[in-house]
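*Asks:* Chains as they are written, first to last, in my numbering: chain A, 56 to 333; chain B, 12 to 312.
It should be emphasised that the hints constitute simulated quantities derived from the structure, not laboratory data. Possibly wrong hints are sitting among the right ones.
Claimed, not checked - Per the computed footprint, the stretches of chain B lying under chain A, defined by three or more beta-carbons under 8 angstroms from a beta-carbon of chain A, are:
no.: 1; region: 117-131
no.: 2; region: 234-248
no.: 3; region: 271-285
Unchecked claim - Chain B is nowhere near these chain A residues, computed Cβ spacing over 12 angstroms in every case:
no.: 4; residue: R168
no.: 5; residue: R221
no.: 6; residue: R235
no.: 7; residue: A242
no.: 8; residue: R246
no.: 9; residue: V307
Keep in mind the model is a prediction, meaning the values are calculated, not measured. C-beta atoms are modelled at their ideal positions from N, C-alpha and C, and glycine is treated no differently.
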Amino acid sequence: MIGGPDQMRGSTLLAVDGVSVSLSGREVLHDVTFGIEAGEFTGLIGSNGAGKTTLLRVILGLVAATSGRVLIGGRAASRQNPLIGYVPQKIALDPDMPLRARDLVGLGLDGHRFGIPRPSAARNALIDEMLDAVDATRFADVRIGNLSGGEQQRILIAHALISRPRLLLLDEPLANLDIRSEQEVVALVSRIATDQHVAVLISAHDVNPLLPVMDRVVYVAAGRVASGTTNQVVCTEALSRLYGHQVDVIHVRDRVLVVAAREDVAVHGGRDAAVGLA
Amino acid sequence: MTELALLGPVFEPGFFSNPPVQRALMVGGVVAVVSGVVGTFTVVRGQSFAGHALADIGTAGGSAAFLLGISPLYGFVAMNLVAAGVMELIGIRRPRGRDVATGIVLGAALGLAALFLYLDTTTTSTTGATINVLFGSIFELSASMVPIITVFALTAVGVVVVLYRPLLLSSLSPDLAAARGVPLRVVGIGYLFALAIAVSLSAVTIGAILSTALLVGPAATALRLTKRTGLAMVLAATVGVAATWIGILLAYDSYYWPPTHQGWPVSFFVVTLVLVFYLAAQLPSPRRSRAPDGQPAARTA
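Chain B on its own, in the form it takes in the complex (with noise of 0.2 angstroms):
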């Protein structure tokens, strides 16, 4: 009894036992394992643009989806798959087409969400539509997405695993990975629906313009503190869950916050979280540093 009166003021009454509350601690810890796995593979590729371009461009998925009524979800989904099928057909061999290829479908297709959004207010007289798609809706996801949800996080951790050494070995070079025989385009196209599928899946818990910071600040903190690749990916989960479920907590108890006892945005917690653990990881740690005659420190012990 004593040890539940010392963390009421942590667990605000109902917490626990709150259907949504629950769904969103399972939803949003699901989709912060799959940000952390493809996510680290987003950052040692250099891809963070990519991942936030398909955020970006899902929205129109995304508006057009509530627009017809049915989950934004799929509309995110089926957005970014062509996207990212569009983006590798167009370009991907060298950086700067990279760029470009992702900048031109970037383009086109926040056009096309700029018309879903106003038709989504329009048709439903009210802004929940622009909220719900750009900032996230977790706490309103119903029960019936949660084992479709499940299923997408699934096949992309499972893409990722697959992938897993032909991925690695073509980010450290391409030219290495095709000379022992790893097929380039395959892989490239297989990890980018791996992370448009993670992507879509953050969309929908933190919002669409939030997503990249689940995707990247994570496996960012993470390779910050291990030198070995699947530790890396276990650790961004980590990260990922916790700030998920933290800004989960603490947007539920803003409730009960004075003055005005309105909740405050689960997005906004879990982002400013995942930028504190980032922070956190780059505070100087003794065992980082290098030895003064320049040697990797590690060399000495």
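Only chain A is shown next, with the shape it has when bound in the complex (with noise of 0.2 angstroms):
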């Protein structure tokens, strides 16, 4: 269940092998390695600071790794990777920023190029697609800076797939959003994989909200991660074994707790377990 070079098959969209990195002199990730089947829905669990964000950063070039190789397509990784469409932590939109959603889709086409955007119809073609395939027709006018949480996530996934990615990188997209906000994003996402035939990495501090549409789990516990479907993954048995002490995987109802027998580790899934029980 720890992913080896077992999984670096020739249609592997996504090689992660053997990645370390060091960010001012410590080590963030270690020996990390897992891969990504074309399609596949795969959430990437982690407590904060875990280091979930520089795994994604190495995946999009910005980080260098400082051993081990990350191949997207056959290819090493690099900016400006037409394969992978990127979802940001938390954007702060200002409500005075003028831009309307669609434009923020319209930027994820050509907003890396010089120059005023020729209007086209083409153009606005494409972007009315996305909107229409992210359900955001009906604030598709409104200013980003108005629009709320769950709203802003749709806008930024049609940046993020209109120019047709093979590889959607979603980090924590569900940080600070309710809990109908948080189904209706992980459901859209789900969807669209599958629509768009689309591989998805999803960043999460919680494992619950993925838990009905995750292929597979990448679980980040101190720079280290366990790679695998969901039942090989969340257990008490390969938990434990990345932490490297005792953790207890409970099952309450369709979710799942994670505590640790030790007080100093962050116990996962506290908000939503609770919700769970209520």
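Two chains, two separate frames, one set of hints: put the complex together.
*Replies:* Written out as structure tokens, the structure reads:
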């Protein structure tokens, strides 16, 4: 269940192979290995500071691995990778930002180019199609800063997907969302991944919202990962080995609670587990 | 004839035939357009402090140029370009690093400005230098400066037009822009250079101290009125030009005002008008309000 070289097959879309990363002399990721096949939905689970964002930044080519390698579609990670669509962690969108939702989606097509975009019917049609795909047509002309958190996530997802990537990276898209928006975003990402045959790697600190839709889990703790199917990874045995001490995985109705025996280790899924019990 | 008679109290004699006034209208208009276009991104990127700091820093260059007997504009532009480069070099990654870097450069430059302004005053035995540098000299621009100002203006607007999309993307999220291959440093420094030129241009017209008002005020007004970036830039330019032209008219007219018949400074009128436009844009409009359920009103429109 700990990902190994056996996953590095020809059809593998993303191959992370023995990647270690040190930032300012501190090892943030240690010997991380896992793979993602085309169209797969993978959850990247771990508490704050576990190394999830760093791992995503390595895949994006924004941070260089100290050792190991990352291949996307068989090629080394680099910036401006057309195979990757990216939704960064919480963007502070100012209410006065003079940008409509549809303008932000359009920047997903050509935001890196110089000059002013030329209006074209083809460009507008693509934007409308993508807005429709994320159910955002009704607020397409609203200022992005005036949208709710869940609505902004939809627009950022459309922004990431309009250039037709094969792999969608989402960094904590469920943070700061209420439970209903959380479920909506998860359902939307899952549906789009299937419709457009896009593989998804979505980071979250809680595994529960992703349980119904995940094909695989990459669990990060203190810079190390365990990967495999949900049942393989989210169990007492695997997580205890990952954390290096006793961790209990308790199933409560449709939810799981990860409980550390030691008091100094954070309890995952606390908020949602509590809701699940209510 | 009757129309002219009606306009008499508005346009005092000679307003349209006076060469310094014609020049002020033209240069003031050009500078207001540059300030509006560049200022829109200054507000969006949260760099108002950097903009104001550049204006203050530029006074060291402007006062040095005065001392050398050349146009303060050259001093402003040279000093501001150097300052923009230094600010970028010292550290612009984090907002706090940016503020600290700006503050350090600002302090050093103001010290120089104090020295040069003192020397300006003592060597020329006039206080005109200080007033010119700090509060502008739009009626005293020589005709030879007009083409130079135009070239600087086109350069600044050109940079913003070329960098338009990467600037927008990096203003929204540096990570998002970097992942798409936007060269953040190139875009950041390119924009700072455009800002340095815009601030220099408004320093020689309405003055170093007041140039922030022309940079930030019309842009902030425009952001209240439109949700489209391109349109915001056009609106900001329009508001700036309106404030500048009406300000020049009022300053000219003020020579005829009782009791003293001494002209009031243009800068005062321009800045006051910018403030009036900004406050007017803050007035609630039914179109911008939100429906009671907290959803944006446009949703139900």
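*Asks:* State the violated hints by number, sorted upward, taking the hints as numbered earlier in the document.
*Replies:* 1, 3, 4
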